[in-house]
Amino acid sequence: MINTKIKVVAVIALVLIAYSCRKEVFIDSDSIRPDGWTTETHSNDVSPNYDVVFEENKVNKIHIVFTSDEWSAMQADLSDVLSGSGPGSFSDQTPKYFAADFYFNGKQWFEVGVRYKGNSSLTARNGKLPLRLEFDQFEDTYPEINNQRFYGFKELTLSSAFKDESLMREKSASDIFRNFGVPAVRTAFYEVYVDMGTGTYQYFGLYTMTEVVFDSFLTNYFGSETGNCYKPDGDGAKFSTSGWDLNDFEKKTNKTTGREDITAMHNALHATTRTSNPTAWKAGLEATFDVDGFLKYLAVNNTIQNWDTYGVMTHNYYLYNDPAMGKLRWIVWDNNEALSDNRRAIPLAMNTTGTDWPLINYLINNPDYEATYKAYVKSFVSSTFATSRMSGIYATQQSLISTSVGNEANGYTHLTGGIGSFNTAVSGLNSHNSTRVSAANSYAP
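The sequence shown runs contiguously to residue 448 in the numbering used here.
Mixed in with the good hints, there may be bad ones.
BS3-like mimics (lysine-lysine), calculated; alpha carbons at most 25 Å apart, straight line [what the hints assert, rightly or not]: (1) K381 <-> K234; (2) K120 <-> K166; (3) K258 <-> K64; (4) K285 <-> K99; (5) K157 <-> K110; (6) K157 <-> K99; (7) K157 <-> K285; (8) K381 <-> K285; (9) K110 <-> K166; (10) K120 <-> K234; (11) K110 <-> K61; (12) K255 <-> K157; (13) K258 <-> K166; (14) K381 <-> K255; (15) K157 <-> K120; (16) K285 <-> K166; (17) K234 <-> K258; (18) K285 <-> K258; (19) K234 <-> K110; (20) K258 <-> K110; (21) K157 <-> K258; (22) K110 <-> K64; (23) K234 <-> K254; (24) K64 <-> K166; (25) K285 <-> K120; (26) K377 <-> K258; (27) K157 <-> K254; (28) K285 <-> K255; (29) K61 <-> K166; (30) K166 <-> K254.
Label-pair ranges, simulated between beta-carbon atoms [said to hold, decoys possible]: (31) E373 <-> N413: 45 to 53 Å; (32) T427 <-> K381: 38 to 46 Å; (33) H273 <-> T427: 43 to 51 Å; (34) R392 <-> K61: 19 to 27 Å; (35) T427 <-> D38: 27 to 35 Å; (36) E373 <-> T42: 47 to 55 Å; (37) T419 <-> L81: 43 to 51 Å; (38) L81 <-> S437: 23 to 31 Å; (39) T42 <-> T358: 19 to 27 Å; (40) N270 <-> G202: 58 to 66 Å.
It should be emphasised that the hints constitute simulated quantities derived from the structure, not laboratory data.
For glycine and all other residues, C-beta sits at the position ideal for the given N, C-alpha and C.
Construct all of the structure, not just a fragment, from the sequences and the given hints.
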């Protein structure tokens, strides 16, 4: 925690003066920054440094330090969140942030907001749980960290590889989507060490660092964050007429404006011209929604298999009204369940997905869109997902993270059989790739 007591006292004195005089006093946080603060590493005056935070060929290390009180309160809050969910359901309550100091490459970040994140992953009987970081969460309490950033990043997440003994699926899937031209966030491997207020570090294991869509991603990928960004969840997220609810489209940007773009997309999707005049229907839908990009997403998603996504679940995607394109674009999110066989995964033919999921059902039943989709499937398995390419990627990642995986400790790992189950899972990724390429070539010869 911040130990520059003189600076804190100075801030308190200024606040007291402001209160007693009933006047506003501007506190220049730059003059009271903690020791070690630099523009490049801590300020919001620089662009996000992807080369440092999302380095591809290295496993970075971070150390997080809580006080014993903060750690105890964080665990009590998690228990409260989990108690609010019934069997087979998820709590609507989001875990709270708690303050901790954060260390990376010999530098310290101060009073960083840390909270648990996720749904089913939080129910693991395990200390290795997913985390979310917000570097200026407590700036109101500590003015000296106003607009604190981590190499330009305000928020980041740490995925725990829940149900993934290869520990590669989150990163590999995100990279696969991006490589094929589907909007997806950047990821990187990190070892995470936590001091729970005891004065010693516990290795929490290997995590996947993921950028946050509405923080850095929009500008980096689309060149602008000025458009409406939505995180859908709930019945409305199906885009069906049944259970349609605009409130299920949570706004992450421009929160004071309306959702007319979502309404326009929904109306275009369900226009009567879909059956009476398909050409007019397509034109209307394509004026509001990046249909081609969505078909490309479906080609990747259905080939690599990911059941925890649209068509099965009502979450794990974002929509962004890209100012450059003037229409809503699909952003894939949360890929820890990807790249594995699952009976709930959407088949390549998408013939099991009914009208409750119209973005799939209506499109695949249009001959033109079906042809485009098949062409993308064929292109995907001959390029990005080609067996020769993926086997090399998996081998490189296996070599990169094997030591970090092997050092995971009981109580802080999702491995069922240590490094052996990790190696078996990596072999499974290669087998899965071969099987899915074969299936895709049969579907779209």
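Hint by hint, here is what the structure shows:
no.	hint	in the structure
1	K381 <-> K234	violated, 30 Å
2	K120 <-> K166	holds, 15 Å
3	K258 <-> K64	violated, 35 Å
4	K285 <-> K99	violated, 44 Å
5	K157 <-> K110	holds, 16 Å
6	K157 <-> K99	holds, 17 Å
7	K157 <-> K285	violated, 39 Å
8	K381 <-> K285	holds, 23 Å
9	K110 <-> K166	violated, 33 Å
10	K120 <-> K234	holds, 15 Å
11	K110 <-> K61	holds, 18 Å
12	K255 <-> K157	holds, 14 Å
13	K258 <-> K166	violated, 35 Å
14	K381 <-> K255	violated, 35 Å
15	K157 <-> K120	holds, 16 Å
16	K285 <-> K166	violated, 39 Å
17	K234 <-> K258	holds, 12 Å
18	K285 <-> K258	violated, 30 Å
19	K234 <-> K110	violated, 33 Å
20	K258 <-> K110	violated, 35 Å
21	K157 <-> K258	holds, 18 Å
22	K110 <-> K64	holds, 12 Å
23	K234 <-> K254	holds, 7 Å
24	K64 <-> K166	holds, 22 Å
25	K285 <-> K120	violated, 38 Å
26	K377 <-> K258	violated, 38 Å
27	K157 <-> K254	holds, 18 Å
28	K285 <-> K255	violated, 28 Å
29	K61 <-> K166	holds, 23 Å
30	K166 <-> K254	violated, 30 Å
31	E373 <-> N413: 45 to 53 Å	holds, 50 Å
32	T427 <-> K381: 38 to 46 Å	violated, 31 Å
33	H273 <-> T427: 43 to 51 Å	holds, 47 Å
34	R392 <-> K61: 19 to 27 Å	holds, 21 Å
35	T427 <-> D38: 27 to 35 Å	violated, 48 Å
36	E373 <-> T42: 47 to 55 Å	holds, 52 Å
37	T419 <-> L81: 43 to 51 Å	violated, 23 Å
38	L81 <-> S437: 23 to 31 Å	violated, 40 Å
39	T42 <-> T358: 19 to 27 Å	violated, 54 Å
40	N270 <-> G202: 58 to 66 Å	holds, 60 Å
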